[in-house]
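Construct all of the structure, not just a fragment, from the sequences and the given hints.
There are 4 protein chains.
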Amino acid sequence: MEKLSETYFDDSVTPREHAIFELGIKLAAIFHLMMGTPVINDPEVVKSICEGIVSSISCQPFVARVDISLKPGQRGREFKYTKRHEFDYTSVNETNLVAEVEVKYSGWLAVGRVEWVSDLGYPLMYIKEIHQLSEN
Amino acid sequence: MEKLSETYFDDSVTPREHAIFELGIKLAAIFHLMMGTPVINDPEVVKSICEGIVSSISCQPFVARVDISLKPGQRGREFKYTKRHEFDYTSVNETNLVAEVEVKYSGWLAVGRVEWVSDLGYPLMYIKEIHQLSEN
Amino acid sequence: MEKLSETYFDDSVTPREHAIFELGIKLAAIFHLMMGTPVINDPEVVKSICEGIVSSISCQPFVARVDISLKPGQRGREFKYTKRHEFDYTSVNETNLVAEVEVKYSGWLAVGRVEWVSDLGYPLMYIKEIHQLSEN
Amino acid sequence: MEKLSETYFDDSVTPREHAIFELGIKLAAIFHLMMGTPVINDPEVVKSICEGIVSSISCQPFVARVDISLKPGQRGREFKYTKRHEFDYTSVNETNLVAEVEVKYSGWLAVGRVEWVSDLGYPLMYIKEIHQLSEN
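Residue numbers (the working numbering), protein chains in the order written: chain A, 92 to 227; chain B, 92 to 227; chain C, 92 to 227; chain D, 92 to 227.
Since the hints were derived computationally from the structure, they do not count as laboratory data.
For identical chains, the list gives no copy identity; a pair is met inside one copy or between any two copies.
Below, in silico cross-link-like pairs of lysine-lysine (BS3-like), each with a Cα-Cα straight-line distance of 30 Å or less:
#1 Lys-138 <-> Lys-162
#2 Lys-138 <-> Lys-195
#3 Lys-162 <-> Lys-94
#4 Lys-162 <-> Lys-219
Pasting the structure below:
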């Protein structure tokens with residue numbers, strides 16, 4: 092199946108580049124699956140929400156590792172700390188989501204990350220690391 | 092806060108009706124949060140994905156109980172049973188999602204459900220039960 | 092089909108209540124479909140995004156009217172006004188989305204709305220109006 | 092801002108690779124934004140939904156072109172052709188979505204596509220073409 096899928100790709104695409112492509116896909120999938128998900132600042136709730144998406148994304152092709160956490164939001168969208176009344180919660184948004192994904196493809200390991208970068212005012216997705224695996 | 096929110100509602104809306112309104116909101120929130128979420132037919136993966144959304148929806152106003160499960164999909168979209176190759180997985184869709192929500196509002200308990208109804212060819216959301224609570 | 096779907100509902104649910112239930116579903120569907128959608132403060136872009144979701148939600152059962160707009164966001168999440176650089180845009184979030192839906196069900200008209208309510212710090216969904224239609 | 096964002100990337104990442112990374116991000120963003128969006132087989136409705144997402148994704152960094160269409164679904168999920176009754180519609184799913192994105196980054200043009208590939212039973216995202224731009 093992996094061979095069949097490769098026939099769709101431009102011939103010039105290398106395994107390293109394919110790994111990078113898959114990394115972009117996974118980061119954006121996490122981001123858009125999670126935006127708007129209700130959440131409170133209870134560690135158990137945060138853990139459960141993050142674990143669900145980790146389990147889900149781990150089903151996707153070439154995923155070797157996924158870590159997801161939620162940091163206190165910025166720009167006035169801090170986590171609310173107790174559910175003091177019925178409306179006292181927030182949702183996953185571009186300022187509080189932090190995710191790191193590791194993709195393995197044909198001997199290459201690519202590590203990517205998405206997190207809010209204050210200087211950009213933007214939830215930047217970037218390639219943190221990429222290198223060839225010694226074996227396999 | 093609950094009192095303040097009520098001032099936005101049409102005066103004729105009863106607590107029973109308000110409970111029903113909240114029930115519709117919760118069922119649709121679950122449905123649209125989960126559509127397209129990657130999943131395989133591994134009970135641990137399914138459990139983790141469902142628990143994440145249960146935790147999330149439980150943060151929302153007036154939610155007393157949430158149960159979510161995934162049944163084998165229909166119309167050619169059955170769960171794939173092993174991850175035999177990288178593309179061997181499916182995603183949450185309108186045929187495999189089953190969710191039940193219980194809302195409590197001002198002495199009323201409303202129970203709603205969304206599940207695929209083959210005779211309708213549709214993921215029907217419906218009010219399964221509604222009654223007044225004896226106390227509180 | 093409508094008759095068949097009614098058999099799933101608790102017998103005590105009235106047409107008026109059914110209209111209210113459907114209203115809750117539609118408001119939450121709009122909300123969760125749109126969260127995280129990239130957008131800039133160009134009226135053409137905003138119009139196009141809103142029209143797409145209006146068209147989509149109008150396919151759903153019992154929908155008589157849908158209006159969606161985006162207002163300048165709050166809490167530091169204002170629309171960015173020009174795409175001065177590649178990262179200069181925002182996304183639909185709970186502070187900028189405004190939607191109004193009209194549902195008709197068995198002689199009842201229900202109008203609902205979702206919009207950010209500063210006093211609640213919350214994107215409140217509420218029943219703005221509900222009344223019986225004179226005819227049909 | 093673009094320069095600042097580059098400081099987050101692994102030093103070994105080339106402009107060509109960066110273009111590929113952005114391409115993966117955009118394809119997955121389209122896919123996950125659209126999954127579960129209600130739709131009927133009315134060309135006007137389809138056009139409006141697709142145009143909304145084209146407008147939205149065009150706000151994202153480095154996007155030069157976006158085309159989105161919906162083809163008749165497969166595996167029993169064909170478009171329903173008329174809204175004969177209230178439940179007669181479907182939603183965007185992995186079998187009917189077709190999208191093509193063009194990204195320009197530092198002199199490189201990358202074209203990617205997502206569409207259902209029957210032989211894989213999978214909505215494959217792939218790099219259709221990548222080449223250096225003669226100028227700029």
